[in-house]
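Trainee: Given next are the chains, with one letter for each unit.
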Amino acid sequence: MRHANAAKRIREALIATPEPAKDAAHLARLIDREPKAEADGAVTVTSGGDRADFVYLTLDQLGKRYPGVPLAGLSERGGAALVLVSGDLAATEQALGAAAVRSGAAIVVPPAKANGTLLAFIAG
Amino acid sequence: MALKNVIGIDHAVVMVKDLDSAAENYRKLGFTLSPRGTHSANMGTGNYTIMFDPDYMELLGVLVATEHNAPARAFVERHGEGIERIAFTAIDSTEGAEEIRARGFTPIGPTDFERPVTLPDGTVSAAKFRTSSPVSTRPARRCGSPN
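Sequence order for the protein chains is A and B.
The numbering of the first sequence is my numbering, which starts it at 1 and goes up by one.
The numbering of the second sequence is my numbering, which starts it at 125 and goes up by one.
Source of the hints: derived by calculation from the structure; they are not laboratory data.
Quick caveat: nothing in here was measured; it's all calculated off a predicted structure.
No residue lacks a Cβ here, since even glycine has one placed at the ideal position from N, Cα and C.
Please note that the accuracy of each hint is not assured.
[Unchecked claim] To spell it out: a stretch of chain B is covered by chain A in this simulated footprint if at least three of its residues, at any positions, have a beta carbon under 8 Å from a beta carbon of chain A; those stretches are:
#1 151-158
#2 164-176
#3 209-217
[What the hints assert, rightly or not] Each computed DSSO-like pair below joins lysine-lysine, with the alpha-carbon atoms no more than 27 Å apart:
#4 A:K22 - B:K128
#5 A:K64 - A:K36
#6 A:K8 - A:K64
#7 A:K22 - A:K36
#8 A:K8 - B:K141
#9 A:K36 - B:K128
#10 A:K64 - A:K22
#11 A:K8 - A:K36
#12 B:K141 - B:K152
#13 A:K64 - B:K128
Use the sequences and the hints to build the structure in full.
Mentor: And the structure:
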């Protein structure tokens, strides 16, 4: 299935939580993986093979990863965002138009414009 | 170590209030959506999938309120729209459930369900699934395999 916004796959599923280490450890125990602490305080748990990773982080940490992106609509705890690999960021930017904002190297649709889910497109 | 039957993220489910208007929104964002799927009368839900490789997104909405979809409606009531669950690919969901049980968690299921799918030639077939869910995780994580 081809997408005008050039989305190719999910790279990360970002889960908001006030307790990233605790919740990541819970999932890691469930699926027998090792959690990995990131420099910004988030904790990553790989899900397997070439599949997307889980990233547990606070809303504050999420905001620092995507500066300038309003987070209205996200809960303190729960699935917050998907990081999608784009095959062509120029096509992504054109397809998303005014719905998205540039945030660092990513093109991001705020949750208020994607039914409660922050969508961050990154180069693949 | 890693589980033998639960091999990674399969799809992300975005729970929405109005399924068709959410689908229109995602089309405007440049996504190509599958035709709308309708689950059983008991489930009372419908979905659109956004296929990638090797994973996908699912827009899921309640079409008719039923006892079965009360948790989905409660989720939207409590949290609003957004990611309601992340599903894993399971090579064998029954075996995967046993692996999860062996790690001290209590799975729900396996549960079988299906929905009709219209094929490109116009004929109607069925997509069949067998899933199980750990009970004590947030958000819900479902392990599924084609049946």
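Trainee: Could you run down the list of hints and mark each one as holding or not?
Mentor: Checked hints:
Here the segment 151-158 of chain B counts 6 residues with a CB under 8 Å from a CB of chain A, which clears the bar of 3, and the coverage holds. Residues of the segment 164-176 of chain B lying with their CB closer than 8 Å to a CB of chain A number 3, which satisfies the three-residue condition for coverage. Counting residues of the segment 209-217 of chain B whose CB lies closer than 8 Å to any CB of chain A gives 4, so the stated coverage by that chain holds, three being the minimum. Distance hint between A:K22 and B:K128 is fulfilled; the C-alpha atoms sit about 24 Å from each other, no more than 27 Å.
Taken as a hint, the A:K64 and A:K36 pair is honoured in the structure, with Cα atoms around 19 Å apart against an allowance of 27 Å. Of the supplied pair hints, the one linking A:K8 and A:K64 holds, its CA atoms being roughly 25 Å apart against a limit of 27 Å. Taking the CA atoms of A:K22 and A:K36, the gap is near 12 Å; set against the 27 Å cutoff, the hint holds. With a C-alpha separation of about 26 Å, the suggested pair A:K8 and B:K141 falls inside the 27 Å cut-off, and the hint holds.
The straight-line distance between the Cα atoms of A:K36 and B:K128 is roughly 21 Å, inside the 27 Å bound, and the hint therefore holds. This hinted pair checks out: A:K64 and A:K22 have alpha carbons roughly 21 Å apart, not beyond 27 Å. Taking the CA atoms of A:K8 and A:K36, the gap is near 25 Å; set against the 27 Å cutoff, the hint holds. About 17 Å separates the Cα atoms of B:K141 and B:K152, which keeps this hinted pair within 27 Å; it holds.
Using a Cα cut-off of 27 Å, the hinted pair A:K64 and B:K128 is violated, with the two alpha carbons roughly 36 Å apart.
The earlier numbered hint that this structure contradicts is number 13, and it is the only one.
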